[in-house]
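Listed in order, the protein sequences are those of chains A, B, C and D.
Quick note, in the numbering used here, the first sequence goes up one by one and the last residue is 295.
Quick note, in the numbering used here, the second sequence goes up one by one and the last residue is 295.
Quick note, in the numbering used here, the third sequence goes up one by one and the last residue is 252.
Quick note, in the numbering used here, the fourth sequence goes up one by one and the last residue is 252.
Hints in this document: simulated from the structure, not taken from any laboratory.
In this text, all values refer to a predicted model and were calculated from it rather than measured experimentally.
Even glycine gets a Cβ: it sits at the ideal position worked out from N, Cα and C.
Do not take every clue at face value.
[Unchecked claim] Pulled a few chain D residues facing chain B out of the computed Cβ check, cut under 7 Å:
1) G53
2) T71
3) D73
4) N83
5) Q87
6) P88
7) Y116
[Unchecked claim] With a cut-off of at most 30 Å between alpha-carbon atoms, the simulated DSSO-like pairs for lysine-lysine come out as follows:
8) K120/D with K68/A
9) K118/D with K256/A
10) K248/D with K221/D
11) K153/C with K171/C
12) K248/C with K68/B
13) K256/B with K248/C
14) K139/B with K120/C
Each chain, written out:
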Amino acid sequence: MAELLSLQEAVASVVHDGDSVAFEGFTHLIPFAAAHEVMRQRRRDLTVIRLTPDVIFDQLIGAGCVRKLVFSWGGNPGVGSLHRFRDAVENDWPAPLELEEHSHAGMANRFAAGASNLPFAVLRGYTGTDLPERTPSIKPIECPFTGEKLTAVSALNPDVGVIHAQRADREGNVQLWGIVGVQKETVLASTRSLVTVEEIVDELEPLPGAIVLPHWTVTCVAVAPRGAHPSYAQGYYDRDNEAYRAWDPIARDREKFQQWLDEEIYGEAGRSPAGYARQDAESSNQNAGLEAPRR
Amino acid sequence: MAELLSLQEAVASVVHDGDSVAFEGFTHLIPFAAAHEVMRQRRRDLTVIRLTPDVIFDQLIGAGCVRKLVFSWGGNPGVGSLHRFRDAVENDWPAPLELEEHSHAGMANRFAAGASNLPFAVLRGYTGTDLPERTPSIKPIECPFTGEKLTAVSALNPDVGVIHAQRADREGNVQLWGIVGVQKETVLASTRSLVTVEEIVDELEPLPGAIVLPHWTVTCVAVAPRGAHPSYAQGYYDRDNEAYRAWDPIARDREKFQQWLDEEIYGEAGRSPAGYARQDAESSNQNAGLEAPRR
Amino acid sequence: MTPDDFMTVAAARALRDGVTLFVGIGLPSTAANLARRTHAPNMVLIYESGCIGSKPSTLPLSIGDGELAVTADSVVSVPEIFNYWLQPGRIEVGFLGAAQIDRYANINTTVIGGDYDKPKVRLPGAGGAPEIASLCGEVIVIVRQNARTFREKVDFVTSVGYGSGPGSREKLGLPGRGPIKVITDLGVLEPDPETCELTMTQLHEGVDIEQAREATGWELKVADELATTDPPSDEELAALRDLLDTQKAAAA
Amino acid sequence: MTPDDFMTVAAARALRDGVTLFVGIGLPSTAANLARRTHAPNMVLIYESGCIGSKPSTLPLSIGDGELAVTADSVVSVPEIFNYWLQPGRIEVGFLGAAQIDRYANINTTVIGGDYDKPKVRLPGAGGAPEIASLCGEVIVIVRQNARTFREKVDFVTSVGYGSGPGSREKLGLPGRGPIKVITDLGVLEPDPETCELTMTQLHEGVDIEQAREATGWELKVADELATTDPPSDEELAALRDLLDTQKAAAA
Numbered sequence: 001m002a003e004l005l006s007l008q009e010a011v012a013s014v015v016h017d018g019d020s021v022a023f024e025g026f027t028h029l030i031p032f033a034a035a036h037e038v039m040r041q042r043r044r045d046l047t048v049i050r051l052t053p054d055v056i057f058d059q060l061i062g063a064g065c066v067r068k069l070v071f072s073w074g075g076n077p078g079v080g081s082l083h084r085f086r087d088a089v090e091n092d093w094p095a096p097l098e099l100e101e102h103s104h105a106g107m108a109n110r111f112a113a114g115a116s117n118l119p120f121a122v123l124r125g126y127t128g129t130d131l132p133e134r135t136p137s138i139k140p141i142e143c144p145f146t147g148e149k150l151t152a153v154s155a156l157n158p159d160v161g162v163i164h165a166q167r168a169d170r171e172g173n174v175q176l177w178g179i180v181g182v183q184k185e186t187v188l189a190s191t192r193s194l195v196t197v198e199e200i201v202d203e204l205e206p207l208p209g210a211i212v213l214p215h216w217t218v219t220c221v222a223v224a225p226r227g228a229h230p231s232y233a234q235g236y237y238d239r240d241n242e243a244y245r246a247w248d249p250i251a252r253d254r255e256k257f258q259q260w261l262d263e264e265i266y267g268e269a270g271r272s273p274a275g276y277a278r279q280d281a282e283s284s285n286q287n288a289g290l291e292a293p294r295r
Numbered sequence: 001m002a003e004l005l006s007l008q009e010a011v012a013s014v015v016h017d018g019d020s021v022a023f024e025g026f027t028h029l030i031p032f033a034a035a036h037e038v039m040r041q042r043r044r045d046l047t048v049i050r051l052t053p054d055v056i057f058d059q060l061i062g063a064g065c066v067r068k069l070v071f072s073w074g075g076n077p078g079v080g081s082l083h084r085f086r087d088a089v090e091n092d093w094p095a096p097l098e099l100e101e102h103s104h105a106g107m108a109n110r111f112a113a114g115a116s117n118l119p120f121a122v123l124r125g126y127t128g129t130d131l132p133e134r135t136p137s138i139k140p141i142e143c144p145f146t147g148e149k150l151t152a153v154s155a156l157n158p159d160v161g162v163i164h165a166q167r168a169d170r171e172g173n174v175q176l177w178g179i180v181g182v183q184k185e186t187v188l189a190s191t192r193s194l195v196t197v198e199e200i201v202d203e204l205e206p207l208p209g210a211i212v213l214p215h216w217t218v219t220c221v222a223v224a225p226r227g228a229h230p231s232y233a234q235g236y237y238d239r240d241n242e243a244y245r246a247w248d249p250i251a252r253d254r255e256k257f258q259q260w261l262d263e264e265i266y267g268e269a270g271r272s273p274a275g276y277a278r279q280d281a282e283s284s285n286q287n288a289g290l291e292a293p294r295r
Numbered sequence: 001m002t003p004d005d006f007m008t009v010a011a012a013r014a015l016r017d018g019v020t021l022f023v024g025i026g027l028p029s030t031a032a033n034l035a036r037r038t039h040a041p042n043m044v045l046i047y048e049s050g051c052i053g054s055k056p057s058t059l060p061l062s063i064g065d066g067e068l069a070v071t072a073d074s075v076v077s078v079p080e081i082f083n084y085w086l087q088p089g090r091i092e093v094g095f096l097g098a099a100q101i102d103r104y105a106n107i108n109t110t111v112i113g114g115d116y117d118k119p120k121v122r123l124p125g126a127g128g129a130p131e132i133a134s135l136c137g138e139v140i141v142i143v144r145q146n147a148r149t150f151r152e153k154v155d156f157v158t159s160v161g162y163g164s165g166p167g168s169r170e171k172l173g174l175p176g177r178g179p180i181k182v183i184t185d186l187g188v189l190e191p192d193p194e195t196c197e198l199t200m201t202q203l204h205e206g207v208d209i210e211q212a213r214e215a216t217g218w219e220l221k222v223a224d225e226l227a228t229t230d231p232p233s234d235e236e237l238a239a240l241r242d243l244l245d246t247q248k249a250a251a252a
Numbered sequence: 001m002t003p004d005d006f007m008t009v010a011a012a013r014a015l016r017d018g019v020t021l022f023v024g025i026g027l028p029s030t031a032a033n034l035a036r037r038t039h040a041p042n043m044v045l046i047y048e049s050g051c052i053g054s055k056p057s058t059l060p061l062s063i064g065d066g067e068l069a070v071t072a073d074s075v076v077s078v079p080e081i082f083n084y085w086l087q088p089g090r091i092e093v094g095f096l097g098a099a100q101i102d103r104y105a106n107i108n109t110t111v112i113g114g115d116y117d118k119p120k121v122r123l124p125g126a127g128g129a130p131e132i133a134s135l136c137g138e139v140i141v142i143v144r145q146n147a148r149t150f151r152e153k154v155d156f157v158t159s160v161g162y163g164s165g166p167g168s169r170e171k172l173g174l175p176g177r178g179p180i181k182v183i184t185d186l187g188v189l190e191p192d193p194e195t196c197e198l199t200m201t202q203l204h205e206g207v208d209i210e211q212a213r214e215a216t217g218w219e220l221k222v223a224d225e226l227a228t229t230d231p232p233s234d235e236e237l238a239a240l241r242d243l244l245d246t247q248k249a250a251a252a
């Protein structure tokens, strides 16, 4: 059964220096609150794993938590560059950043292989690109029936998988819906897992498009309301596109970034339950409701 | 866009003598009505594909439609043997039956590989059993990263995939829910597809656990109310366990089987919309309602 | 009280509360549901039809009855149940039946007699069993013990127990521990810790060891201390009757 | 009316009604949604976030906006969107952007300058592009045409166009047809049917060929009959303004 812990306890319990940690959520349900707690606890030498590093990894990288990045697309969606990520790669600031670079198809298959306890996955991918030359976790493989050449990618089995979900019940069964990305695979592929949720409910009412992770697949659950902000939690709040745009000038400048870190993560603000989320709470749509998919 | 046809037109259009045809539905939503129409149209030399041959293939085999069977578990669930299947294997009646035999895990992965346009899938399976010796579509494969030995199975890409679903809209978008088995994979892996449905509706209201196959992935849709009987259609009618038990004495005896065939498939009864279903319609629970999963 | 009742109750007792269990249909399903209604209410039932955490109020006839889906925590596709759930060893106990079993608990559910292409009896085949046998944390087999089922050598290895003895599973790279108990209508057999050979460790009340020897197609090993199965309690029998009644009621 | 408006409208026009389209974010998304609001209402929009058949009423900022999920026919996992939907070639058109492109329409979105480990500019990387480029039925590229983007040789091949020329795609076993159009702020380039080299076939109104030549880092081939893009119609421009307003409104 999943343990119900505070976010602080949960991070202290499952995320250790030197761990490989996947933070998943494809645009939707990105576990910002958990990442902020990792920064606040000053974890170091992490290998962080995510298809789309997004602002969440820009922050972790800038804060000096990261030694290595495993990823497939590192931008601020719809806005531009991740400046902390670029500063680390281009200028080794605050530290050199090792890269393991894939495509989305490859990363998704690596998580699926990890969830399946297979050492690799097979796909039609990467052919003719310069990626296999740079990435040792991509290799050719031959079909034993047809002789056809395909591509293999090694499985991902992170030490820790961190996701955010809409809700859990008291046993720690977790329910999420909307764009579900590779979150199920992340939890199933990881040795330990931490799921932050908007709320704990007595019963998980079935909803269209919802998936459930049984409590016995989850290490711990922590309540973190608005824990995906500035990304979104369908049925709870919308994506804060303005916050993504506002991140750009902060991240462009080392000093501004440091100030943001001091104030919003390490400082008084960071100790408020929603951390970074606080300042934008009013601008978001609190009445998003429990929307079911409509056609 | 999927064509909306009568069941007779649909089978005539997509199922040809000599085709490989997957009929899927794992206990739930088994496409009996479509199989009966295939029998009525006296298709011959089919390679029929299904994880659990069930009563549906007992009937197709007995009726002489089948040259080869690709499968993983050939019994009458909870009742006993499939006597027409056994008679074909043990006594070549009505004709010899070629077998390609797998486990469920292997068959499920073969459909998934077919749906993914990969020539094979990798799994931890079959090791130490006598199956690989009998089944050329099972081979060893080595992980290019770890050197570990695993098992490869060749992909399934049937000429035709036949499934039954709860409903479709007028464009031919198909919705099914409850136990979904490998039905999505079957349609996506097959060159052509036929989906029978309980009803056509104006709009597919989203439901918990439901999946949708977009109209552009389906060749044709035919309305066949109670088309999964004696299996069931969640939300429409329950499994007719009694009919499964009643099948046993019919199938045990070649003469009784022939009589069943003449009366229920080729005869007057077979031309009624629900065919075989008719006789048991009253015994089933018509008030099953649109049940959502409950916990 | 029938020998089958003894077998079902003994199988139910073998299940610890809270375990995750991969359930096949027939006696394994009856035993699992009996355990859930008696001492193991928090057991997690998982079916190859994709149902995870089913809490059926009736005893299902098939592994895909609607009752299993509507009472599940989660219903997933068949590829997913095998790849994401069974394959990684997430499921602690697998429950299997058998048409033939040998001294190393290898199981045949494929063909009997003749050869593969023209067998005397064509059985249903593998289903989920080969991977349940290799990948679950441990396996419990339920099978009636008689000269037709307990064979010196099975006609076809559908699912591997201990292969040809000690070291076989390791050599094959099978991650699960293998069959830890074979529960029959006569008693319980367990693999010898050193030789892996199935050894009679327990007899149901009223069964003597000669009966078991005669019902076994090889020279049966017997434990030094042979236990006797406590007969089904009134509570267990009542729960079993109730359970079987739910199936009859559902069929009516 | 800006050059970008020309580019967006030309890209929208390149989409036939009813096609299945894999949409990236940015200009491709704007063009796809413009097409859906004008001549191609039945186009099926597919996003790498797993949304199939989205009908957004606002222009999404990211490929995973909630609007895309709630208006979709089906939302699937990210492994499924790539394996079951993109990989089999089910998607007829892929829409890609580029940071650098060469004469054979090979695309770089990874690094510029320096070497891979210490580049002058670190770009976002591959995302879904390598597989979109190889597996969609055909590809349309949208990119501004200038000396920084149109390069004799790209610094990194993130996504393959025509490789090193005729026969390359076949030799690599890439099933899709490859880029059939590169739409820029100056005009439209198409691969020569024989040499596969990108050839300027169309200029937007007000652009002359010298401008295009100067904006191209190799000796630009020009079609014998150079067409002129019809300027955006009032209807197209109005629809584009409306669409961009929906994004602003959603952000407010």
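Now for the hints, and whether the structure bears them out:
| no. | hint | result |
| --- | --- | --- |
| 1 | G53 | holds (6 Å) |
| 2 | T71 | violated (12 Å) |
| 3 | D73 | holds (5 Å) |
| 4 | N83 | holds (4 Å) |
| 5 | Q87 | holds (5 Å) |
| 6 | P88 | holds (4 Å) |
| 7 | Y116 | violated (22 Å) |
| 8 | K120/D with K68/A | holds (19 Å) |
| 9 | K118/D with K256/A | holds (24 Å) |
| 10 | K248/D with K221/D | violated (40 Å) |
| 11 | K153/C with K171/C | holds (20 Å) |
| 12 | K248/C with K68/B | violated (37 Å) |
| 13 | K256/B with K248/C | holds (27 Å) |
| 14 | K139/B with K120/C | holds (28 Å) |
Of the hints listed earlier, those the structure fails to meet are numbers 2, 7, 10, 12, in rising order.
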